[in-house]
Every structure is written in structure tokens, then in C-alpha cells.
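Engineer: If you read the sequences in order, they're chains A and B.
Heads up, the first sequence is in my numbering, so the first residue is 251 and it goes up one at a time.
Heads up, the second sequence is in my numbering, so the first residue is 1364 and it goes up one at a time.
No wet-lab data here; the hints were simulated from the structure.
Every residue, glycine too, gets a C-beta built ideally from N, C-alpha and C.
Be aware that one or more of the hints could be misleading.
What the hints assert, rightly or not - Distance condition first, Cα-Cα at most 30 Å in a straight line; then the derived DSS-like pairs of lysine-lysine:
1) B/K1617 x A/K269
2) B/K1705 x A/K433
3) A/K511 x A/K456
4) A/K272 x B/K1617
5) B/K1575 x A/K272
6) A/K325 x B/K1575
Stated by the list, open to error - If you anchor each label on the Cβ, the simulated ranges turn out as follows:
7) A/V584 x B/G1393: 33 to 39 Å
8) A/P276 x B/D1416: 23 to 29 Å
9) A/T430 x B/R1502: 38 to 44 Å
10) A/E278 x B/R1502: 33 to 39 Å
11) B/R1513 x A/V536: 42 to 48 Å
12) B/R1502 x A/A351: 19 to 25 Å
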Amino acid sequence: MAQAYTPGLTVARRAAVRKMRKLPLPGETLVKVGDAVEADSVVARTNLPGDAHPLNLSRALNVPESDVERHLLVKLGEPFQKGALIAETKGFFGLFKSRCAAPVDGSLETVSTVTGQAILREPPKPLEARAYVKGVVVETLEDEGAVVEMEGAFIQGILGVGGETHGELVLAAERGEELTAEKVSPMHEGKVLIVGGSVRADALEKAAEIGAAGIAAGCIDAADLRDCLGYELGVAVTGAEEIGLTAIVTEGFGRIDMAEKTFQLLTSLEGRPASMNGATQIRAGVTRPEILVPMEGEGEAYSASALTLETGAAARVIREPRFGETGEIAELPVELQEIETGARVRVAVVRLQNGDEIALPRANIELIGG
Amino acid sequence: MADNRLRSILATDCGSTTTKAILIEYVEEGEGGSYRLIARGESPTTVEAPVEDVTVGALNAVTETQEIAGRTLTRDGRILKSNGGGEGVDIYISTSSAGGGLQMMVAGVVRAMTAESAERAALGAGAIVMDVVASNDRRLPHEKIEQIRRLRPDMILLSGGVDGGTISHVAELAELIAAANPTARLGAGYDLPIIYAGNVDARELVTERLGKRMSLEIVDNLRPVLEKENLLPARKMIQSKFLEHVMAHAPGYKNLMEWTDADIMPTPGAVGYMMQTIAEGRGVNILGVDIGGATTDVFSVFDGVFNRTVSANLGMSYSVSNVLAEAGIDDTLRWIPFEVDKRALHNSVKNKMVRPTTIPQTVDDLVIEQAIAREALRLAFEQHKLLATGLRGVQQQRTISEAFTQTAAGETLVDMEALDLIVGSGGVLSHAPRRIQSAAMMIDAFQPVGMTQLAVDSIFMMPQLGVLAQVDAKAAMDVFERDCLIPLGTVIAPNGAADARSSLHVSGTFPDGSPLDETLPSCAIRQWTLEAGSSMEVRCVPSGSFSFGEGRERAATFEATGGAAGLIVDARGRPMRGVPGQLNLYPNRK
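Looking at chain B on its own, in the form it has when it is part of the complex (with noise of 0.2 Å):
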């Protein structure tokens, strides 16, 4: 039988700034061969003026790589297949978040409900949520029109009404948005695609209303029933016409659509199918961030259930003064062990914001910006909290001890003591001069309670690893493995006050024979080196307020894998208070 496996893949994710590109090989190694990264290069996105034009890129990013693989992958100014002597590529795959990503506006009935499910269905194919109209959002008609007309979105999902359920509220709905009759971002010169994704009885309503004014397409209900949540179908036919709308009316899009060999998928759409497959490979819950220079995506997976956020405003860079204005000075400043001039910290910050691509050249500068990246992924995080949340309306049966938690529908799903894995990337993660800051980022933004795995990603290839897996789950998951993920090591914290009567033994023997045995007091961390590639048992005995869940006092031993950063004990409480204890993680600084 004739071996018909890819033998080497070029993977581009056209970023809204910079366009990377990998290649991918098969190498024969050991008992059988997987898939590896060979090379990777990068090139200025080229979709506005002067050049407008994706692929021109997209090419420079590959031409870059074919220099550094030493291998010929263009000709022609175009991509070259495999003609079996060696130059060219089996598959090329393209992700793209260019020209400001996909932009959308959702509408549902009630905003705790349908409006909240079409969100997520928005988010979780890869779009940033520009605003939810919902019939109950306290609005006026009126200003819901102008906001609608003001917006220009790529595209309008609208829900509303379970199956059976009411329809003049999701005709009213139609009604406003054909008042406004918005215009495309990329122009005038197509029809705006409008989903419907509501009650199946108001159709032929919502077609009258909006079908001669707008590309209509109607999928099923995304929340047929209360109960239930129906995302799929409407975040296929977001992906569908993100490529036959958006895509096709952006700048050389039309040829870097010719040339890939799959659908060309949004970045954070390929990053959420990423981070999916491996909560499904590995059978864990997963939290994955992504922190970039405008905006924070937050991914988790917890019990199979998929959720994604973007906080549009919140990055290192663009909106780098945004963060600090959103968190406080006095919660950035807890993060900074010396005093800080607060005017010229918010000039400083101004400055990173109107010129992005510095970098911090002095110690100090480096910890204020970490600090700052501590509370993006915090304020994050609390957004991603809100929204991935069981379903809102419905009613449940609870027994008398829920009842007595109060636990609810609409509570979040994001349970810190069933997190299993943390993967962090983006710039101030993937590229923190010591890796052991970018775990200490983690940890104090997430505050992981219990044992938690942490890792970022190298280079951030996730995007073009996630359009992989559709392709290709294995070499996807190959590259991931030994070439994406770097393995940070493990943080075990147990949960409750830090107070005066708390404190932490923990006891084990690393790999190297040596003991570990020390009690950590309230407030204390400690690290400890355990390499990649090697785990230990900690046994790990609260006392005080701290606990495992398993109740006050009880012990409990947890499995711990190496990383860059080894083995971190964190007694600081959950949650952190005040000013929180630290690491050594700047030796550097005098």
C-alpha cells in the first residue's frame, strides 16, 4: 500500500500586524516518525496601503522560511506543490486575522439568554463581539438604530425565541436592524451577511424583513429549548460566511483563498479548535490565553464545554494604557516591589501605547510591565468568568444542600480546582527573558488553586496548528507536543485565607534523591528546579484555612511534572490579598 501520509505542510496565520509562517515535515526517527517544525519566519501583514495585498505577506513570511529551511518552497511568486524532488509543500493551510479579525454584532431577545448564547456562538467561532442588541437591554429603539447604523459590522447573527417561542419580539429585532440597514466594514459594495439563528416560527418574518436588504442566511435555532444550547450550526455558518463575505472582500484574500488547501479559518477560531482537541486528547480541563497588543483572548474547556472571550481593549501595547486605566494604579502597583513615580508611570505607559513595538531595556521597566500584564490577564480572566457560564433561564431541580450553596444556573463553569493545564502565549509570555516570570504571571492572575500544570506556547503557532487538526489531527498534535508547548512545570496552592494560624507542609523526594520537607508559612511561595521531562509525588499537608477540598487539615498528594520553571508552591491564599509575597524572579536587578 502506497504510504500516502503529508510529508510537509506550510501553515501561515496572517496576523493583523505580522504574518508567520512554519513548515512542517515528516521525519523518520526512532520506531516510526512524526511530524516536527523545521523552520519559521515572519513578514509584516501587507493588507492596508501601500501594498493591500494579504499574499504579498504572506509570500515574504515564506520566503523567509524557505531561507532558513534551506529548502526551495516558492516559485513565481507563488506557493509551490510537492513535485517530489524535494522543493515545494504536500498541503499549504492559512489562518487570518487581518484587518482588525471578524467584527460582529449578535442580537437575541433577552440579553441574559438568547442574546448571551449568539454571543458565544459569535466568540467561539472567532469574532470580536462589537455590541449585543437585545430586546431587554434597556435601550430605546431609537438608539438601538443608531448604534446598529454607527457600528459597520462584517456580520449580524441574530437569535431570539425558543422554537415555539415568541416571534414578535424577534420581528422587532429585524425591524430595527432593517431601519439602520448598516453597512459593510470592507465597503458598500456587497450585501451585509445577516444569521438568523432564533425561533424556527419566525423565519418567514425575519426573511421578510431582512432578505431583500441583506445576504440572509438561516441556520437552526441556538437555543431551541431553555434548556439547551445549539452553537454549532451557527458558528459553521459564521466560518462559512466569514470566508465568502469578509474574506472575499478583503485585500488579495480572493488569491490566498486559490492557493490554501483547506478553508482559511479566523485565528482565535483555530486557536479554540486547538485547545479543544487537546482537552479532548489529553482528558483535561484546559485554560489558554493568548495576551496580544490590542487584545486578550481567554479559551477553556472544563467537562468537554468550549468557551472563548475577547477582551478587545485589554493588550500590552495599543491598549496597554486602557489596562492601567481599567485596573487601578493601586492594584498595578501591588505587583512592584519599589516606589514608582505614578505621572511618570502613566506617561510611560502612554508612550508604549502610541509607539508598540518598544521593549523594555531596564529591569525596572521590565517588572512595570509585567506587573501590567498581570492585571490585563486578570481583567481578562474575570470576563471570561462571566460569560462561560451554564445556561441562564433555566430552572433546575436543586437538591437541599445545593440550595443551601446557592450554586445556580448562569454560575461560571471555570472551576479553579478542576483546572488541570494553563497555556499561556503572546508576546509578554512566549518571550519573558526567564521563564519563571511568565509562570509568575500566570499564577497571579489566575490564582490555579490545588494542582495545576502550566506551559506556554514558544512561538505561538497554535493558529496554524488548530487549522492543522482539521486537516491533520496527528501532526497537529505532534508539532504541539514536542515543538509548541514549552512545559512551565506545576504550581500546587492550596485554597483559603492566608491568615496568621495558616501554613503549608509539603514533603516528597525529587528525582535526584534529594528530600523535599519544609512547611511554607501564610503569604510564603517557594520554587524548587524539577526539569522537563521528569515528575515527583508532593504530599502536601494544610493547616489553618488552607485546604485541598477535602476539607481542613486533610492531606492530599498530587503528581507533579517539570517544566522551566519547576515545582512552585504557592501559600499566598486564595484569594491573593494585599500585597502579595514573590519569587526571586528578577536576580538582575540591583
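Bound conformation, chain A alone (with noise of 0.2 Å):
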């Protein structure tokens, strides 16, 4: 059956989470099932074939595109350096030579006799994949990466900009509490920054320039995160932003503290070291930012049956005008009821924590799980 309400953002103390780290290209896998990995270890690794560079000949040594091969002074696949003659005219009576240098490392990919342009192909770059997360191998994909398992604390956020990073997680501000500028120290160069309220750009600024590794806040204002990125996020597919930190809110912009239980739960891991990863996509596939903290064997595991939709369920609101409140699921009427914008909707009767009871769209809370 189709569902008609958001199943809501994992927060559990204890966890069991797969991460695959797989290459973009075939490579070599360098770890086996059962090692055990840090978050930085290379699991996987490859070469990148290099950038091409198109250059036309007949262009840099004036003759016609038919020609360009009889002049070449590299054979197809040499490999030369930056600044090497690749061709060179014979000239008049061995003066006046046309002759083009390699503008980079690399070697002689193709030359085309119709359009006069060779392709030359930079040298390969390598590329790693490595663990992300602190765990044990448990699959290896053949020449592709590995499959690492991390039991611990699984924490989603509902937006993230920057990519895979990682340090120990410290207390910044409480709920209720702003972080800005001045509440950014030294002391937190390559932390994980707790923080319960909002964050300010200037905060994501000085911590970025501390090196911080990250922080995890309940709330942005939207024109914070925009004067951070220096660009207005129009789609929510993030993960690649350079702003020198990864950045995680779990609850959304505007003014909402982190949900009390998320903070409690971060708060209770001060200390300890922890993965993120800011990368987001709201679309097919739903991707959300993480936060994972590694802790062998403590805490109850998370069950994802226990998101069921049904009476005395946690949930919170997440539309306005009640945005962020959270209680219990009182009732679940079966027929539509029409809402004051006039459309008709299933509604979910929630009992909230002040005790008031209103009726809303199921579209509009979210379970809290874990």
C-alpha cells in the first residue's frame, strides 16, 4: 500500500550499517572478509585514466590536416613530458621549422588526419577508496572496493552540504542555543561540533578556518546557508560543496532545535570519534545525511519495523503552523476529512506534548524511529 506519510529520519544508539566503498572504475580490492578497518584505511584502489588535452597540428604547425602525421616526432602511446617536441616541420632547407610542444605530461592518444587534431592523454591519476567508516569487511566486490559493516550509533539529518569526513564529536551549543562565531575555538580543530539550535554562517566560517571537520546543528537559516555556499541551493543534491567543513541539519531551516532525543543521543557520545557525510539527494532514492559513531556491542539495536504508522506511535510535525512539536499518534481515521485549505486528505489525530490534540495531514508528520 502506498504510504501517505514521512517515514521519518533514522536516530538509533545502536546500529548495524553497510557501507559499500566501491571504485568509479575497476581497480584492485586490498583488504579481504573479516579485516578490520579505521575510517581511513584503503579498502580499494585504482588509476583514473588522465585528462585529454585536444591539440590541433595542423593549426600549431600550419599545414594541412592530411599532413599532420608525417610530421609527428612521437609514435602513437609515447610517452613524453610537458614541454617536449611531439612535431615539427621539416621547414625550408632546415629553416624556418613549425614545431609544437607538448603543453603537458602524458602520451599521444590519437591524431585525426580529417580535422587535424591529436588527443593527448595526461599520465593516470590514482585514486583510493577508503573505509569512511570505523568496521569490519564483510564482502569484498572483485577489483571494485568492499563492503564495510559498523555496529554503533546510526544518526540521519534531513539536509548536509560537503562530502565523507571525519572526528570526535564535542558539545558546541545546547538546544535553544545559537552558534556563532565567537563560540568557535580553537580547541575545535578537527572535531565534530555538536550543536542543538541553529547555526550562523559566520560560525560555519570560523570553523572551516580552525579545520574544524564538522558540525552537526538542528537548524539553518536559509540565508545563512546561502551566504555560506556564496550561492542559493535550488535543488537539494548536495554532497560535493567545498566550503572547508561538512555540515548537517537534522531538523531544517528557520528556528528548530535539534528533536531532543537526536541531542541527547550526539551528546551522550561526546568524545568519541565519529564518520559524516553531508551528501544529500531528495529525489529516487532517497539519500540523507549521517553521522556514525562506532560502539561495539552497546545499546539495543535499532529495529526498522518499529516505524509503523499506527496509535501511540512517536511523531512530529513537519509543516507549519505547528513545525517541530512532537507526540503521539491518538487516532488514525479511516475517511478523508477536508482541512482548512479545502483539499480532502487522510489525517492523523496527534496528541501533542502540551497535550493539545489536532488533526493533520499524514503527509505532514513524520515518525520519530530508532
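Join the two chains into one complex using the hints; note that each chain is given alone, in its own frame.
Structural biologist: So, in C-alpha cells, the structure goes:
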């Protein structure tokens, strides 16, 4: 059956999380099943083909396209260094020669007698896939990488910027508190900062400046995110931003404190190493940003089946006017009901923590799992 | 003679988030029968992890359909073929845009000529065009190589040169593509399909450069001469390669392809086919729009010429923040009749982006969402007008009058005065709490001129009907007319500026005998009830700057048809300026 509600983000003290660590091209897998790995461990390695550089020899030598092959000084596939002569005309009695030097280190890949164009290929670039999380290799992918399993805390955010990183968790601001530049200090270098309230653009900049690994905050104002990125984030596809650190918000935009459960879990893990990734893609195959804290055999295992829309389930409102408030499902009427807008939708009656009971579209609540 | 008519048809559309199934049956009613929608079901699409098999989502949607219809449609995890005992279906067909649909890169020699024709061919086949590479696109060769390598398209369409024209530029493009050697999006396990539809004289050169590295297909030149575009062979090959390569490598599609009784079509390709069928069947010029969460597709058929564009980042959820960024906050605020805190608006829009399934709960929230929708539709339509053009680069003999009016090759084919019907679909239009809100959004965004009928697709069935039209056009049109299309009514709007001296007098007699006799001052808009299925003659006398194309002060008479929003007369001027007046769209607002 179609689900009319948002399943909610995972906030679990203990979960077994598997991470596929795959190379973009076939290469060499360096680990075997059962190997213990650290976040920094290299699990696979390959060589990316170097960049291609087109060079129009016909124009450079001032000869017809069909003649360029005759003037080559290197063979196809032959390596050369930047500045080396790769083509030369005979000139006039050995004088007035036209020459062409290699603009990069590389080799000659192709030469066209139709366009006069040569393609020079730079040397391959080594590329490594790292484990990203501390854990155990549970599967190897022939020539492509491995699957690493981590046991520990698993917290999903709603949106992040920046890619994979890791560092020690440290509390920087309580719930209800704003992280400003003044509160960021050199002691945060290499750390992942926990912020119970919102984070300001100047704090993100200062944290990046002093070399913090990341920030996990409750929320951010849309204007602060724009100031930090230097552009308006129009589509929620992130992960490649280069702002000097990785930042994750767990609730959203505006002024919403980090959910109490998330905040308590993160602060209880202060001092432990955490891996985090801001990559987010909210379309076909949703990817949410994440914080992973390895903790072997501690806590109760997380069960995905806990996330069922039923009476008594813990839920949070995820749209105005009661955005961020939590409570429990009191009733799930079957019949469609008309809401203020005039739309007829399936609703859930939620008993909020302050005792209010409100009916709201099921699409506007999320279950708090884990 | 035995009746070999199809009795039951099951069709699914595997979308990027939801798979929708519909059951259509032949129903005997009155004199002769017709095809009707019996039931509809939906379920989340299952192309991604952890399921990674599209057939699971399709079966779930069909299972919901069978529960609603009270008929057995599946057995042992398969679609059941009709067994004569009232179980199963005669045929099963499907469309798909799951996994991001068909993503293509196109290349041509001149950006405004062969490259643009290639772009139209790809869009018409249902693709999202990730980039258009052209010899004259001002990027340096190494920049083009980097871009091609980075994109990882599903397929490339290479064109270039008229037959007998340039070969060196085409060869150069082929060399750049070969140097980039891009990997297919769905993995390195198969050769990237590339279709060559350019100068016939360059075929050998292209084959030499690309034949060994990629899965190369050669079709007729899509621009054999400057004056002619021949897009059909390229479009057909794109759809064939879509099945053979792209679909075959998407999770579960091999099974789905075995189950279906006709080729799976890319969803927008099927919608486009349906639009063409409607335009041809009714003999009208049509504009269609599908506004989704991430993208907005615009389709048009004017004088039989079909065009489709997709605005990749203009949508109402995943990309809603981009709509606000592109439209600008001031253009958006003109549709909101109350004070809005701009900071709060930005935060609220971004919260919708990260929680895309939420819906407006308050009337103010609904007003804001529909204001953004107007801007998304407007921007997507602007992009459509730019691409739906006559051929550029064509030498034309002009008459003196054309020279004065500056009509030129490459002008948009979208002629608002000649437009007969606008069909809207997508959540914000199909599910607006009041139909008049859908009508208002389309009128504000597209600004139709003269008389135009408006309609919405009730539950976005056009993809399934598009693929059905290829199998049984009557069945598709029956369901389209009776169950898919909801007529909203008619809008009448004069051309010209809404200045102080302009006004519009409308008169006529409603079907119940009551008179229509009103003068609309400049900037006004009015609405009257005119039930679906009824019609009336409306005489319009424009004055001042207003006209209906017959000259100023010249009366025009229109046959208006009814619908859920009735008859709307819009005297806000064309183009609309400033903060336009509105109908009472939100009676619930306190």
C-alpha cells in the first residue's frame, strides 16, 4: 500500500550499518572479508585515466590536416614530458621550422587526418577508496572495493553540505542556543561540533577556518546557508560543496531545535570518533546526510520495523503551523477529512506534548524511529 | 465474425517516486460500448535499494488496483493474462521514468541549427537533455571533453552538417566524444549507446572514431537540408536504444519488458504521443503541462508540429527552492495578496524542498504554494517558447509586410491567439482544493489570448493512455475524454495593454436563459458558472487598447464551453503587468 506519511529519519543508538566502498572504475581490492578497518584505511585502489588534451597540430604547424601524421616526432602511446617536442615541420632547407611542444606530461592517444587534431592523454591518476567508517569488511567486490559494516550509533539528518569526513564529537551549543563565530575556538580543530540549536554563517566560516571536521546542528536559516555557500541552494542534491567542512542539519530551516532524542544521543557520545557525510539527494532513492559513531556491542539494536504508522507511535509535525512539535498518534481516521485549505485528505490525530490534540494531514507528520 | 476487441487493459506508469496502475475495461452502454477507467492503484517505485526491482512496485500498484476493482489481476507474482473466466487482463502495457528517466547528451555543429534540432529530437523522444555540445558553443575543446566525461549520460545523440556539408566539424565532435569516453550512467558493464544522425558523408569517419568504443547506431540525418528537420528516425532509434540498453540495465526491467505486450515507452514520450493524438483527433492547437516535484514538462502542438521541453529544475518539491531563486521573490510575491516575511518564506520553501511530501495545511500556505506554481509554470513556458521555434538558419523570401513585422525564421511556434486548449496535470494542478484555483494558475502563468478552453488531467493518466494509444487509439481516446480530462471551462481574454481607457463589454445568454451583459474595466477579471457539457455564445466588444486580433473596437463572438471553473473573462491585459487582480480563489481565508 502507498504510504501517505513520511517514514522519518533514523536516530538509533545501535545499528549495524553497511557501507559500500566502490571505485568508479575497476582496480584492486586491498582488503579481505573479516579485516578490521579504520575510517582512514584504504580498501581499494585504481588509476583514473588522465585528462585528455586536444591539440590541433594542423593549425599549430600550419600544415594541411591530411599531412599532420608526417610531422609527428612521437608514436601513438609513446610517453613524453611537458615541453617536449612532439611535432615539427621540415622547414625550408632546415630553416623556418614550425614546432609543437607538449603542453602537459602524457602520451599521444590519437591523431586525426581529417581535423588535424591530436588527443594527448595525461598520465593516469591514482584514486583510493577509503573505509569511511571504523568497522569490519563483510564482503569484497572483485576489483571494485568492499562492503564495511559498522556497529554503533546511526543518525540521519535532513540536509547536509560537504562530503565524507570524520572527527571527535564535541558539544558546542545546547538546544535553544545559536552557534555564532564567537563560540568557535581553536580547540574545535579536527572535531565534529554538536549544536542543539541553529548555526550561523559566520560560525560555519570560522569553524572551517580553524579546521573543524564538521558541524551537526538542529537547523540553519536559509539566508545563512546562502551566505555560506555563496549561492542559493535550489535543488537538494548536495555532497560536493567545498566550504572547508561538512555541515548537517537534523530538522530543517528556520528556528527549530534539534529533536531532544537526537541531541541526547549525540551528547552522550561526546569524545567518541564519528564519521559523517553531508551528501543529500531527495529524489528517487533518497539519500540523507548521516553521522555514524562506532560502538561495538553497546546499546539496544535498532529495528526498522518500529517505524509503523499506528496509534501510540511517536510522531513529529513537519510543516507549519506546528512545525517541530512532537507527540503521539492518538487516532487514524479512515475517512478523508477536509482541512483548512479545502483539500480532502487522510489525516492523523496527534496528541502533542502540551496535551493539545490536533488533526493534520498524514503527509505532514513523520514518525520518530529508532 | 468473432469479436476480437480488447476487453480489459492494464497499464502502469513507473514514475521516479510512484508507480501508478490503471485498469480499463470495455463497457457495453447505450448504443455500442466504450472503454472506461475501472480502478486505479499506486505504490512506491522500487528501482532503488533495498528492493532494486521495478516489478515489485508495479505488482504492488496492480495489487491495489485489483483490490479496488474486486478482480483477480495477479497470480504467483505475475500479471495474469485473461483466462476467459473474468480473471486477468487482455494486455498489459507500461511507461517508465523511474531512476531519473532517460538522460541524454546531444551534440551538433551549429548550436542554433543542427544542435538545436538534435535537442528537439531528444526531448520529443522523452529525454532530459543534460547538455548540448556544439562546435560553436564557445567552450574550449578540453572543456567539452571534461563536461562529456563528467556527465555520464544514458545515451548520446550526435548530429551535424547537412547532407553534403561539413565533415571536419562532425569528425571533430566525434573525436572529442571518443577522447572523453564517457561511462554510461547505469554502470560500466555495457557500451554507451550513441546515435549518429548527421551528414551522410561523415558516417564512415564517425564509425572509425566511435564504432569500437561505443554502441553506435546510424540513422537518417535529422537536418538533411537547412530547410527541413527530419526528427522521426532519430526519435525512434532513441526509444529503441532506451529499451535495449538503458531499460535492460535498470533493476528489474528485463522482467517488466517480458511482461508487457508492447514496448515500454519513456513517460514523457508517451504523454507527447497522447498530446499529438488529441491535437490530431480534435483538430486543435494544444498546450500541455505536467508540473511535477522536480521538473516541469511542457508540450505543444501547433498546426500539427509537436514540441516538448523539460525544465529540469522547476518543480514544486525537490526543486521548489530553485523556482523561487529563478523567478525572484518579487515576481512570486505579486500573486500573494497579503504581507509575507521574506525570511520566513525562504525558510518555508526550503523546508518543503527537504520534506517534499508535505502539503499546505493553512490557506496562507496554499496561496504561497500556488503563487510559486504560477512562477514555475511561467518560467517553464518561457523556456518552451524559446525551443519550440521554426528552423533557424533558413533563408526565407519575405513579403514587404513580413519585413515590417520582423517575422523571422526561428520565431516561436507558440501562438497564443491560435491556441485552443490548455491541459494541465501534476499534483498542484490536478489536486488543487478548488478547480478554479487550477484554472487561475494556468491563466496567470500562460496568459492565453482570445478564447481558450482549460482542462486538467484528473489523475495523470496520460502516460498510460499514450502508450495505449499506440495499441488501441479508440480505447485511449474513450478513456481520455470520459475519465481523464476534467474540463475547467473557457477563458476569454483580449490582447493589448490594460490602460485606463481600455475596457471589455461581454454579452450573451446563459443556458438557463439568464442574460450576460457586463462591462469589465481594465485590469478586471470575472467568473460565471457554466456547467460542464453546456455551452453559450459570448459576444465581446473591446475598447481602448484591447482587441481580439480583428483590430481595435472590433467585436468578436466565441462559443464558450463549460466546466468546473465555468466562464472566465480576463481583462487584465496582455502581457499582464504589475500586481494583477484576482478572482475570489480562497473563500476559506479569514
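Engineer: Need the list of violated hint numbers for this structure, in ascending order.
Structural biologist: Of the numbered hints given earlier, the structure breaks just one, which is hint 11.
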